[in-house]
Amino acid sequence: MKNSDADIQEQLRALRVSYADQLPEKLEEIETRWQALNTGEWNPAGAEVLHRLTHSLAGSGSTFGFPKLGEISRSIEQLLKIWLQENRIPNDEQRARVGNLLGNLHQAASISTTEVGHGRDMGIVEQNLPVNEEQPLIYLIEDDASIADDLVLQLDHFGYCIKAFATTAGVEDAVAAQRPDALVVDINLPEGDMAGVELLANLQRRHDPDLPVIFISSHDDFSARLAAVRAGGEAYFVKPLEIAPLIDRLDRLTRSEARPPYRILAVDDDQTLVAHHALLLRQAGMEVCTVTRPEEVMEALADFKPELILMDVYMPVCSGLELARLIRQQEAYLGIPIVFLSSETNLEKQFTAMRMGGDDFLTKPIQEQHLVSSVAVRAERARLLNALMVQDSLTGLLKHTMIKEQLAQELSRAKREQSALSFAMIDIDKFKLVNDHYGHMMGDRVIKSLARLLKQRLRKSDRIGRYGGEEFAVVLPNCDPDSAAKLLNKIRADFSELRFLHEGKEFSVTFSTGIAGFPAYENADELNQAADEALYEAKHQGRNRIVVEAKQTHVDAIA
Amino acid sequence: MSSDTLQRILYVEDEPDIQAVARMALEAVGGFTLQVCSSGEEALQTAVEFAPDLLLLDVMMPGMDGPTTLQELRNLPDLANTPAVFMTAKVQPQEIEQFKSFGALDVIPKPFDPMTLSDQIALVWQQRNEK
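Chains as they are written, first to last, in the numbering used here: chain A, 1235 to 1793; chain B, 53 to 183.
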């Protein structure tokens, strides 16, 4: 007989508690055996027992929520195994190493014991982590407690802050107190079959007509859907809920305002005019950098990284046409649209300007609205084209070549600034089985979920790429490998708790990560190779873990 | 020959706490019928009567270890061809191959996740059928 999920969780919790209860006794026995081996004569039989005890902890620790304990036990077990196999008596230094590990073992047991119950990775102290902190606030109105609990947990993994309500009571006060970034509302509530829709209509009328809302419902009929649309629902999901599409929608709803402004470089020798154009564009929400001397353009291009250049044709020193050619002769700037702005009305001359590398020609004096929309439309298209060129279509992450380019770029910056840098290779565990078992659509969904989680949880300065099928690469500037490991370990733990739904059956997926850092590894190829080796090691150690490739001979693992 | 659906699993493991969590993972989560044995000897006594579809064996046990237990089980009537899976905390690639050469379908690494163990086993079972 299969039991309900809540039931299983409860049993699991009980088992974890009982395991935690027995731990002190087990550690005590290990300690005693070790002391006996060290005070008396070294004897293989005693070492054998100790090996079995540590081996058992290595195999059970993380199952019961003590991953760190498991790892340390494994280190001890491996040392003992070598000594036993080679019939060796350890020297003082080797014994001291085991002594230290035993100390850590006690510590790992005590750290985790206080937090038994969540199955989370507790061996890592999570403070001072470089984390992207913005958490959109979501109000969830759902009367089914098990669904509500599950959503709170799952959305939390994706970086949302959720406040759950079992009925409509109190929702209005909460909205008045703090406007949520979005609402997720069950249509059918204890108050009535359409209570969710009515609640929302009230909220929108009294508080905010633009309150974004997603409806969830156990009904999939036309009238319920229509009611939801009329109540301004942005989306409608039928239970059982699939988390990935819901997150997709929430991301779009809550992040629309976070869309970065267009970056425009305005070049004109007429200071007043360029200031005027800049003002117009800024009022429309764009970011503008102005340059009045053509010779400063190169620097502005490199520093400001504009998405579009707005340029006067007639300037002293060099004309706009020459400047356009000069810019276009550098491969990196081949894709930036250049819009000429001039009083030139002669069509022939305008075409000449375009041949020189201009994309469009606006004539002065230009209507304010015309300038703003011309620039916005072109910047948007440039952004889309650029995305197509550099981004992986499935995930929106950087393509293989782009992330390698970013690694090289960030590495030379790290060398220049003498700062740390980490490079991480991430690979979804047993991904082929996901595809084989659940189909490629599901596989794609898993890949997208991880991509999204990485985007949400890594820092803005981190560069994330899809390296290959189920392989990702991350460049973390100003971050040493240990901090990178902590950051990614949190993501690893959360990802492993995400549940995917396939034909009514849930499953979860894990990933492994290998990390290498500068200055331990000095060039991009070495970093790449070292991270790859660490990833390989992580896979060997049983997957769902992070391995940092240290320059020394040994490898540190956390999981 | 064994049937196509996996229902009955004979599980040999000496650790009581691992037994408990695996029992939960396989019975409560996976819905399998499980017979737990705490040693190879016990497995040899119960195996024929229980008639398992699959053998699941811990590798390292005091007394008779997993590979030896499997060898002995193979000598029993009806168990010569019963698919077997090892579980162990040590999984180096060459060791996996070695365990497979003892007649195991696959090796499941410990520590295992109680919520996914039965899926892992179901997958091994399914792939066996595909071969």
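Source of the hints: derived by calculation from the structure; they are not laboratory data. Misleading hints may appear alongside valid ones.
Residues from chain B shown here face chain A by an in silico Cβ test under 8 Å; the list is partial [to be verified]:
# : residue
1 : Ala103
2 : Asp105
3 : Pro163
Calculated from the model, a selection of chain B residues having no Cβ within reach of chain A, i.e. all distances over 12 Å [unchecked claim]:
#  : residue
4  : Arg60
5  : Arg75
6  : Ala77
7  : Glu94
8  : Phe102
9  : Asn127
10 : Ser153
11 : Phe164
12 : Gln178
13 : Gln179
Backbone N, C-alpha and C fix where the C-beta goes; we use that ideal spot for every residue, glycine too.
Item to check | Interface exclusion of Glu94/B relative to chain A, criterion Cβ beyond 12 Å | outcome: Holds: least Cβ distance 18 Å, greater than 12 Å.
Checklist entry - With d taken as the least Cβ-Cβ distance between Gln179/B and chain A, does d exceed 12 Å? => result 9 Å, violated
Next on the checklist: A closest beta-carbon separation below 8 Å is what the hint needs, so does Pro163/B meet it against chain A?
Outcome noted: 4 Å, holds
Item to check | Ala77/B and chain A, when compared Cβ to Cβ, separated by more than 12 Å | outcome: At about 9 Å from chain A, Ala77/B fails to clear the 12 Å cut-off, so the statement is violated.
Next on the checklist: Less than 8 Å between beta-carbons is the criterion; does Asp105/B satisfy it with respect to chain A?
Outcome noted: Asp105/B check fails; min Cβ-Cβ to chain A is 17 Å, beyond 8 Å.
Item to check | Least C-beta distance from Phe102/B to chain A larger than 12 Å | outcome: Given that every Cβ of chain A is farther than 12 Å from that of Phe102/B, nearest at about 18 Å, it holds.
Checklist entry - Is it correct that the beta-carbon of Asn127/B has no partner in chain A closer than or equal to 12 Å? => result 26 Å, holds
Checklist entry - Taking C-beta pairs only, is Phe164/B more than 12 Å away from all of chain A? => result Label violated. Min Cβ-Cβ 6 Å, cutoff 12 Å.
Item to check | Minimum beta-carbon distance criterion (8 Å), Ala103/B to chain A | outcome: Nearest chain A Cβ about 20 Å off; hint violated.
Item to check | Exclusion check [Ser153/B not at the chain A interface, CB over 12 Å] | outcome: 19 Å, holds
Item to check | Minimum Cβ-Cβ distance from Gln178/B to chain A exceeds 12 Å | outcome: 8 Å, violated
Checklist entry - Is Arg75/B truly not at the interface, in the sense that its beta carbon sits beyond 12 Å from all beta carbons of chain A? => result 9 Å, violated
In summary, the structure is inconsistent with hints 1, 2, 5, 6, 11, 12 and 13 from the numbered list given earlier, while agreeing with the others.
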